[in-house]
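Hints are included, so try docking the two chains, each in its own frame, into the full complex.
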Amino acid sequence: QSVLTQPPSVSGAPGQRVTISCTGSSSNIGDGYDVHWYQHLPGTAPKLLMYANSKRPSGVPDRFSGSKSGTSASLAITGLQAEDEADYYCQSYDNSLSGSVFGAGTKLTVL
Amino acid sequence: EDQVVESGGGLVQPGRSLRLSCTASGFSFGDSAMSWFRQAPGKGLEWVGLIRSRDYGETTEYAAFVKGRFTISRDDFKSVAYLQMNSLKTEDTAVYYCSRVGSDMVATRWFDLWGRGTLVTASS
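Line order of the protein sequences matches chains A and B. Per the working numbering, the first sequence starts with residue 1, numbered consecutively. Per the working numbering, the second sequence starts with residue 1, numbered consecutively.
Incorrect hints may have been included.
[Stated by the list, open to error] Below, a list of computed lysine-lysine pairs in the DSSO-like style, where the Cα atoms sit at most 27 angstroms apart: (1) B:K78 x A:K47; (2) B:K43 x A:K47; (3) A:K55 x A:K68; (4) B:K78 x B:K43; (5) A:K107 x B:K43.
No lab work stands behind these hints, which were simulated from the structure alone.
Just chain B, with the same shape it has in the complex (with noise of 0.2 angstroms):
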């Protein structure tokens, strides 16, 4: 079964930093652009960024409200891809999903395998 999970939430303090990780199983992960999205408590998803296959260069992309604290990677051999988030903020305070890039043609990109989401809370 395709399937995505993911991991690596939990307290931090504003201004340190996080990594989640997204674990693929089930399909061909090094031949899939994977994604990044929120979700803050009492608010819609939000997409955080992506990244391409290693075929694409690894190259990514970000929303503009990540502003260079966030970066995304991934680990073809693991199947896995990460989120590293610095300088957190207590408005990044959201659950983070990951999911499957369905289609990366700008004009029409969806996501199309999500996991279940890791909660990140940025407090002191």
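Same shape as in the complex, but just chain A (with noise of 0.2 angstroms):
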């Protein structure tokens, strides 16, 4: 059971907008700590896509943006590519368990 909360699958066709959202509690993300975001394909290394709950890395493009509201986050993804069939994960700060914590991932399938 992970801290963090995500739907395990969303999907969407080429062009169409879809959001993945992460729950938290009082002891993470409803603390105040910051919700980070990560692209994965199985057997590569992981890509960090968005920090600090909306800033994105160098490269990665504006279709990608988040956001952050009390005990939640959200990751949006606009004009869906094939190429963005992945994993994502959302990760943020628990202070009850003193580490860094993830959701257990959205797998997301472009139609």
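Pasting the structure below:
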């Protein structure tokens, strides 16, 4: 059971918009800790996609955006492309566990 | 090009030890905190622990499940971070990743440069 809750899967057609939610609690996201997002294709290195809730590292297209409110955060992807098909993980810090925590991951399928 | 490469994985019997290496290149390793993660088969990413730079005393933090079995260390001359795993259990079977810590402020700690991982299989 992951500390952060994500939907197991989302899907969308090319060009569409999808969102991935990440729900935490008062000991992590709700206590003010930032949320970060990673994109991971099995067999490859995970990639930092979004940091500090809504900041994109250099090279990440502006089709990706992030937000945080209360005990939740979300990642939005617009203009879906086939290359976006991957697993997406949210990550934050939990003060009751005294460490970084991840969601279980969401598999994005581009139809 | 900045990169980290994990090595040292393999098949190990439960109860035995294994040391993983994370070799960095392209960036100032000595100024960077480094972290280890794992991904068990069919599961998500799990944080294992981190080690800070010499400027921050090479202090370490570990996930609760480590319970003293794992130790992270570093050799700045070789630009390598290590994960020493003792008393391995079957449930430690996973792909182990290392990453550079992009920000080590607790309120906003993220990981910005990952390797492709190395597979550890603990089985008799």
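We went through each hint and held it up to the structure:
1. B:K78 x A:K47: 25 angstroms, holds
2. B:K43 x A:K47: 17 angstroms, holds
3. A:K55 x A:K68: Holds, at roughly 11 angstroms.
4. B:K78 x B:K43: 32 angstroms, violated
5. A:K107 x B:K43: Between K107 (chain A) and K43 (chain B) the Cα gap is close to 12 angstroms, so the pair holds against 27 angstroms.
Hint 4 from the list above is the single one not met by this structure.
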